[in-house]
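Here the structure of chain A is known, so what remains is to put chain B in place on it, guided by the hints.
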Amino acid sequence: MRKVICAGLWLSLCIACTAQGTARKPLELSPEFAAIRDRIAPRSEEELWKSIPWKTSLLEARQVAAKQGKPLFVWSMDGHPLCHG
Amino acid sequence: MSAFNNPEVIRMLQNEFVPVAVDGGMTGRRKDPEGDFYRKFANTQARYVAAADGTSLAKKTWAPSPYLNQWMKDALAKFALLPSAARKPVVDAAEVTKSTRPVAPAGGLVLTVTSRFLKGHEVASTPNQQYALLPAYDRVWLTRAEWQAFLPTGQGKAFELDVNVVRKLARFHTIDIIGRQRAPWPEASVKGCRLTGEVLPGTSGMVDVRLAGFLSIEGASKPRPNLGPDDGAVKLDLKAHGVLRYDAARQAITQFDLVAYGPYSKGGRPAEIGFHFRLTGPEAADCVPPWAVDRQHLYGDYPRYYTK
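Chains as they are written, first to last, in my numbering: chain A, 1 to 85; chain B, 1 to 308.
The shape of chain A in the complex, shown without the other chains (with noise of 0.2 Å):
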């Protein structure tokens, strides 16, 4: 029985490994476009109105409104506001 169960265990860490071994870690950039990519990407301050669950369908909103009794907070440019960090 002993037997058994350890060569369960064993059968189980050798599927584990395989798993980890296929999992495939992200390509790297270079380190002189790694470093462009990060000055690029938005700074967690400028993040702050990704907290707000900004719709983009005005009749989904509209939906959404009705159902839950809330009014709508339109937000509307000319060019999508939500291109403009």
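Please keep in mind that the hints were generated in silico from the structure rather than gathered at the bench. Incorrect hints may have been included.
[Said to hold, decoys possible] Calculated lysine-lysine pairs in the DSBU-like style (CA-CA distance at most 30 Å, straight line):
(1) K119/B - K50/A
(2) K50/A - K88/B
(3) K40/B - K50/A
(4) K60/B - K50/A
Okay, now just chain B, sitting in the frame of chain A:
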């Protein structure tokens, strides 16, 4: 977005309103239920509070966030006085399907491109220089045939990416939209663009590719009259580098990172600008159509977006 960095404004938008962001220039022109509903309470770019039946409660073209709080509270008070039929109207659930908003091509690939001035943000087309320091976002919609042009076709290790698709990235997605939306570069201003791929050693089932090349723009900044602001002559020399991973079993690109950056001259003023293309995510901003697609959808003479 800085107006929406105020914690109380964020709290109210999270709990007491249904917040929605729209391109008013596009939505107001739509001849569909979305356009009809928008025109009930809106007529220009501004912030509005409205009930779900279209009753207008407040409009403000601009407000610093300390005053936005009170403005929102006043609008909530007006909303509370409305009859129930206005606050919770019966809405046709099928009207969402009648929207004419463009949708991403079936089987296509959606990328988000983030751009930012790396130097010389003073050249940004915005009256408020604090916005010039912020990043801007756009989406890239590629048809299945377009994104497949990013993949190697033979057994060779090096290959050339379809120049028309690379040209699309250059023309429509290296535009300076920081502070203000604008039209794509004129066709004649795309002086050169090239991306090559190098297949990296990998395990079976995956194709890993390293991308390298350049995107070069020089000339007029707008394609024809009435298609956005004119910045005069522009010059943009971007070197590009990236990686992509294709999962053959899923028949999908599962990683895409392309960075392009370099000097940018606008009306003779120097700057440096960078762009990062990545697979799109679940955020609301990632769901907005590419600006050029929206424009092409409504203006017949707008430059054609898809190449194949």
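Here is what the structure says about each hint:
1. Under the criterion of a C-alpha separation no larger than 30 Å, the hint pairing K119/B with K50/A is consistent with the structure, at around 26 Å.
2. Restraint check for K50/A and K88/B: the C-alpha separation of about 27 Å stays at or below 30 Å, so the hint holds.
3. Restraint check for K40/B and K50/A: the C-alpha separation of about 28 Å stays at or below 30 Å, so the hint holds.
4. As the CA atoms of K60/B and K50/A are separated by approximately 22 Å, the hinted pair is consistent with the 30 Å bound.
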